[in-house]
Amino acid sequence: MDSRVITITSGKGGVGKTTTTANLGTALAMQGKKVAVVDADIGLRNLDAILGLENRIVYDLVDVVEGQCRLRQALIKDKRLPELYLLPAAQTRDKNAVDSIQMEQLCQQLRQEFDFVVIDSPAGIEQGFRNAIVGADEIVIVANPEMASVRDADRIIGLVEAAGKSEPRLILNRLRAEMVKRGDMLDVADVLEVLGIDLLGIIPEDEAIIIATNKGEPAVHDKRSKAGHAFFNTAQRLLGEEIPLNEVEESPSLLERLRRLVGFGPAPTEKRIRSQSS
Amino acid sequence: MGVFQFRIGRKNPTPGELAKERLKVLLVHDRLKLNPAQLEIIRQEILEVVSRRLAIDEEQVQVSLTNADGAEMLYANMPIRREKVKFEWDPPSGNYHAYVLEPDSQDDEEQK
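Taken in sequence, the protein lines are chains A and B. The numbers in my numbering rise by one with no breaks, and the one at position 210 of the first sequence is 210. Convert by adding 1000 to the 1-based position in the second sequence; the result is the number in my numbering.
Since the hints were made in silico from the structure, they are not lab data. Check before you lean on any hint, since a few could be wrong.
[Stated by the list, open to error] Capping the alpha-carbon separation at 16 Å, the derived lysine to aspartate or glutamate pairs in EDC-like fashion look like this: (1) A:Lys-223 - A:Asp-198; (2) B:Lys-1024 - A:Asp-206; (3) B:Lys-1024 - A:Asp-78; (4) A:Lys-215 - A:Asp-78; (5) B:Lys-1024 - B:Asp-1069; (6) A:Lys-12 - A:Glu-146.
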């Protein structure tokens, strides 16, 4: 079977890379895929805590790369999903403990065992980021609808291109529909226009994420939560399902603009033409 | 076409629109790796070339970068000085070289 290595990255820190990695990995495993989530944020490990696996770590990614243990010894099985495994980051080392060649080899090894390898990239554009993307088939950029995050996302798009990877896709995280409606926040169409890449998912801002993190159970386990539902749909799209991008339903005008972007739906009204030219 | 275009019928841009316009300008600078000093050099050079033919109001010249329809754009607003436009009553003299304007030609000197 062809396995896929997907790296979740963002440039800016704190936009939700680790949360996205945990939720997409979990959602893919819920769909019956064999999934490894890899924490490539060496020195600042967090993916273990979001998955609630922090007490089970014996070996980590650096141990595997340095040959201190076998890959299977370092992989931690998820509490709930038998097909989901975590490869944790080292906490006592730094980002330069691993090089690109070692990471590429590690990805190759993981491909033998898993359908999906989802890599959580560290923030920044240094060696850690390069390591995270070197073995990836696909790059997913997480951004929030705000200046600094979109700016950094644009920088990452350039670097991904320069690395010879296929065009990354975007997950717009922490969107606040009521703020977009008031005109107080960048909306989905704005961000897509500025960045010029395809959209994979929209995740609304949701307290359920904080609650889920506190419990150590990714929000996607509870599909009634807005964010959990949105992450589930995003994972479905990764699997090639055509799920309409309607995660943020509070704002119909947003939906209309999205339909227009995707290329179907009602003909543009005067209002939309105006906002298009703005 | 101005750099800052906002929805018709609205006095002030919303914070969301402002963010979008600021981002467009910011990203063009980032992508082209152009800092304000380099843009100033470009401004000077454009001014130099255009001033050979037209009297440009140097202080009003604005050169800026933005993104329009997915392409990076350089905007140069160069107002032409009214009072400097010389009205020639006399038909051109037999001197055909006068038609070829050169940067250091006499014509230029006269205008200054």
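Tested hints:
no. : hint                    : result
1   : A:Lys-223 - A:Asp-198   : violated (24 Å)
2   : B:Lys-1024 - A:Asp-206  : violated (28 Å)
3   : B:Lys-1024 - A:Asp-78   : violated (43 Å)
4   : A:Lys-215 - A:Asp-78    : holds (14 Å)
5   : B:Lys-1024 - B:Asp-1069 : holds (11 Å)
6   : A:Lys-12 - A:Glu-146    : holds (11 Å)
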